[in-house]
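4 protein chains.
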Amino acid sequence: MIVLIKKDSRQEEINKLIHWLESLHLQVHVSEGVLQTILGLVGDTSRVDIDLVRSMEIVEDVKRIQEPYKNANRKFHPEDTVVEVNSAKIGGGGLTLIAGPCSVESAEQICAVARSVKASGATCLRGGAFKPRSSPYSFQGLGKEGIELLLIAKKETGLPIVTEVMDPSQLPLFDEVDIIQVGARNMQNFELLRELGRQRKPVLLKRGLSSTLEELLMSAEYIMAGGNEQVILCERGIRTFETSTRNTLDLSAVPMLKQLTHLPVVIDPSHSTGISRLVRPMSLAAVAAGADGLMIEVHNNPACALCDGPQSLTPAAFDELARTARLIHATLQAGKEFS
Amino acid sequence: MIVLIKKDSRQEEINKLIHWLESLHLQVHVSEGVLQTILGLVGDTSRVDIDLVRSMEIVEDVKRIQEPYKNANRKFHPEDTVVEVNSAKIGGGGLTLIAGPCSVESAEQICAVARSVKASGATCLRGGAFKPRSSPYSFQGLGKEGIELLLIAKKETGLPIVTEVMDPSQLPLFDEVDIIQVGARNMQNFELLRELGRQRKPVLLKRGLSSTLEELLMSAEYIMAGGNEQVILCERGIRTFETSTRNTLDLSAVPMLKQLTHLPVVIDPSHSTGISRLVRPMSLAAVAAGADGLMIEVHNNPACALCDGPQSLTPAAFDELARTARLIHATLQAGKEFS
Amino acid sequence: MIVLIKKDSRQEEINKLIHWLESLHLQVHVSEGVLQTILGLVGDTSRVDIDLVRSMEIVEDVKRIQEPYKNANRKFHPEDTVVEVNSAKIGGGGLTLIAGPCSVESAEQICAVARSVKASGATCLRGGAFKPRSSPYSFQGLGKEGIELLLIAKKETGLPIVTEVMDPSQLPLFDEVDIIQVGARNMQNFELLRELGRQRKPVLLKRGLSSTLEELLMSAEYIMAGGNEQVILCERGIRTFETSTRNTLDLSAVPMLKQLTHLPVVIDPSHSTGISRLVRPMSLAAVAAGADGLMIEVHNNPACALCDGPQSLTPAAFDELARTARLIHATLQAGKEFS
Amino acid sequence: MIVLIKKDSRQEEINKLIHWLESLHLQVHVSEGVLQTILGLVGDTSRVDIDLVRSMEIVEDVKRIQEPYKNANRKFHPEDTVVEVNSAKIGGGGLTLIAGPCSVESAEQICAVARSVKASGATCLRGGAFKPRSSPYSFQGLGKEGIELLLIAKKETGLPIVTEVMDPSQLPLFDEVDIIQVGARNMQNFELLRELGRQRKPVLLKRGLSSTLEELLMSAEYIMAGGNEQVILCERGIRTFETSTRNTLDLSAVPMLKQLTHLPVVIDPSHSTGISRLVRPMSLAAVAAGADGLMIEVHNNPACALCDGPQSLTPAAFDELARTARLIHATLQAGKEFS
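These protein sequence lines map, in sequence, to chains A, W, F and X. Quick note, the numbering used here runs 5 ahead of the 1-based positions in the first sequence. Quick note, the numbering used here runs 5 ahead of the 1-based positions in the second sequence. Quick note, the numbering used here runs 5 ahead of the 1-based positions in the third sequence. Quick note, the numbering used here runs 5 ahead of the 1-based positions in the fourth sequence.
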């Protein structure tokens, strides 16, 4: 961390600041230039409150050299983290397909979708039991019963299950859930993150609609600081001015995150675009950009118009997508061997 | 609500949709045009899941005529809601000043600030006990002890207190808190909103960093649908591309919200800009735009550089601001009488 | 176009509006519902000023059924437009590589880069002669001399050239330029667009930093309305709140534009991310998303640190990228044949 | 300017950079810290291409201490610039009202509006002759004839006129125009800015929809670098995710710009919100925030529904607004005297 001191600051004030920094177990190197006095801080600066330092009268600006996250930082953990759940592996250069319906509706529905996506190569089953809805009058999911139905599908197919938690008080229901999902609107629900840090099972953390990558990594850090290292990051579209898609899928986040962190990165193309026709091209693009996995909505009820989510694929469309995604993944892997 | 049916849809499918809509206790008026069949829905459409309807195969688009919120809607409740807490009134054309430190630090600090802002005309005391911080390594507030210190200041000055809750499990600590604040990052923490709907005390609901006004009103609706009508809305800056201020204060939200809803609207100019020098002009602008109140950070420790928040005012600066804000408010009120 | 009339509007006013609409050669179908009177307009509504209609006292809202662009609209022109320049073809399912330096600096530089990118498979040479710079004190490009140097490279390699125009007055210098580029900041420089509509050579139109896809297509429409049908659209990143990349590359724009328009769509991954390390993954993602081409910055001067743009690839890196991009493109084409 | 050198850079490379910087007439102060070598540059760094320096292999980051604009910078020109046009003064603590119709339509219309707004206290007349429209099929303004009509109104009322230029080729028509307006979409039309730098009359420069304040000031710098010091800045709303208003008026820009620059700052509340009902509160808020003026759309044709812009005020509404705005301005001035 580099602290730029304002010109004409009194030496007494500068010394006060230096003593305080040293009390935080940091070494302080002072460079007195003609223009400006600069303090270089050595040590574990991830624990320094940068806003507090920036707010001080004598401080012109503060520049981090180190990132503010430590457990999630690739610099301190160069190898890819691979999250293993039963036979599924997420991270480390593979391509994991997570698929399932938007909402769990019945045992028949979830088991049929589970069998179908498993046959197409998915290794995890997703399905919403607790549904965050912007309106209190919209369907809020089956809740506890939804989780029970997911567990039936898990038992039948062997697929590990991913489903969303909305509040720490729901966690007792998640005992047999394999991966706990944190939704975009809860990415900075710090009490929930802290509680998930005490769990010992994987967490799939979705990026908030207007969260920077650094904020996403800081939220991962909340979980990891509690001792839970199994965090999967998920980009699901950010809020921009463009209105032709529901959100703007930020695929640059894939290579950017892979450089900043060792955690796996998966892409949710269903929620980001909100349009089923865009799911295939954006899924393939995500694979080409280097994503570790895809999380895709698949429904199984073509007869019932009411259940067709605008962003869901049919099982047949998912099957074709899965095949092409694997082809692209294989092409990239072959390319790597020759390059 | 108006539903545009896709050209060349089969009559059988259209009838199926109409029956389903009627099963939701809506009257359906069909207009068959040359171009397009249009369904006009009469009844309580706030309970219709617009995404579900839009997702149907035969639906081209859905247009709301009614807003999706009902309890918060000025159309159904033309008079301003006035939230009363002890002697403080928020809403209905007055100007309420809420002031206090960013974080509660000690009994001396909070009582000194409370006395000072009361003398300047503030009628509510704010202060952070549970602090949402993007880093797990930053100071997270004094928690329970912070609330106890606020209650000491309340007892000493008689000022009602406003402080933030971060999780439903903290609510038992808020028994004597007068107004419960929901922070921007929790605006769509629906479990928390639902729980606050069961409370019978005012909630100050901050707009999320990337939330539309409609989403803010839907979150208010969550609280009101539970039976708690005392919601105060707070604009505190939205996330945009501009970087010279921390967030962009959206003052158009004031007249826009006053038109859409009967709930009081207050402005937090401290957090939105993140720069103390901008607090005064943006506070005065908020008053001129018609805000019902201001929520302002005031610190009392000029000697200690470490405590000066970059966005906090000194007690003297707050005193001057309070006087000028009241002058502008009075000028506007006088103008109204003559016009 | 559907016009919703406000409840309780006077019939006299409604008739006045209907007569005016009919005077624009539109047929007006009136549906009088219980809720609302609705006018359905049949005819060429792309020439109706929607803002004007929306602004009328008796109008509640206006909903387009048709898009406001006509020449660029795939509905009226289902086949892909293929722009042909010498041997290069852009559009129609191929993959065109456009490469070259950010700025043209010297005959040696531009010829060396041209030979190198041609050997790697590029079929167009890009290079900046007139450079739009946000500071008046930054290097503004070699201007006329830069174009002359590009023409030398064209003569030597046979590659058609793409370079940016900033003002209609520069057009006489573009006689032998093959594709005229319009930069993001000029996407709504309507006088320039109108002038380019009078040209009879391809225009590569970059999306503005905060332009919607509809606005991009309306700017293409400006050029096409003048009789110049050869427009190539280019997504180059949009402005969002995220700061880890310079802009956010919106790859959803590829499938979205391919559906809305018949015009070719190319991606510029160099300017969007501003980081050379991201050029490869985002290029491959663009190909997988279905882009018709890539426009990539390549420099040739590894010895001179000063010339290494932060977003430029070395010739060797471009060569590897071109090979992998073609592999992914071929994989997708093969997939199409089987599906 | 401070240049952070990457750790482990070779001394030879560092020396090469230092020599190059010195060749730009800058003094270079080297601080070799344990962590990092830092170069402090003294001299006129506004002419250094920061992107070029940042792109160098050995450079970790570059931090400006000085702003990249010089002529527009308040540091080098502490007194407010006051632009004088006939009797109108813009800047320096006054409140200037600029009013008039969106488009000039006829001599009767423009003269009637001119007389009316003059009577209400406006000291400049605005009116569009060349209209930038996103559709080539929308009305593009009367052009040359529109300017002639404005000059008739100027002659009749003595009000100086403000109207928009869209291309340098139109400038000969602006000989008798008093203030030349640059629209938001042309804020980075650098050829136009350069040409306006050669003029010797005031330019009203509107902020681009997605331009930062620094970019706005750099565009002002383009004009000023050409020798034309009379630039008036205009905030007119930025593009954000919020859709209830057309754009988001960024009033924080007022105090921020007043601190960064000596140039006058006016607010256009009509275009930013796009809703006439919001013009009054946002105008009053702009005055309270410290704006030097307001630019407001006023129409005069209540009988003709077609001409009522959704964002235009009636003459009566403008008259009331002008009175209240002056009252608020006077209240603030009185407050300043006592504080």
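Any given hint might turn out to be false.
Since the list can't tell identical chains apart, any single copy or any two copies may satisfy a pair.
[Stated by the list, open to error] With a cut-off of at most 20 Å between alpha-carbon atoms, the simulated EDC-like pairs for lysine to aspartate or glutamate come out as follows:
id, residue 1, residue 2
1, Lys12, Glu220
2, Lys12, Asp49
3, Lys11, Glu84
4, Lys136, Asp56
5, Lys159, Asp180
These are calculated hints, taken from the structure and not from any lab test.
Between copies, within a copy, both or neither: which fits Lys12 and Glu220 at Cα up to 20 Å? Close neither inside one copy (32 Å) nor across copies (26 Å); limit 20 Å.
Given a CA cutoff of 20 Å, do Lys159 and Asp180 count as a within-copy pair, a between-copy pair, both, or neither? within (13 Å within a copy, 43 Å between copies)
For Lys136 and Asp56, with the copy left unspecified, which applies at a CA distance of at most 20 Å: within, between, both, or neither? Between copies only: 14 Å across, 35 Å inside.
Is the C-alpha distance from Lys12 to Asp49 at most 20 Å within one copy, between copies, in both cases, or in neither? between (27 Å within a copy, 18 Å between copies)
At most 20 Å between CA atoms: does that hold for Lys11 and Glu84 within a copy, between copies, both, or neither? neither (41 Å within a copy, 23 Å between copies)
Consistency note: the structure conflicts with the earlier hints numbered 1, 3.
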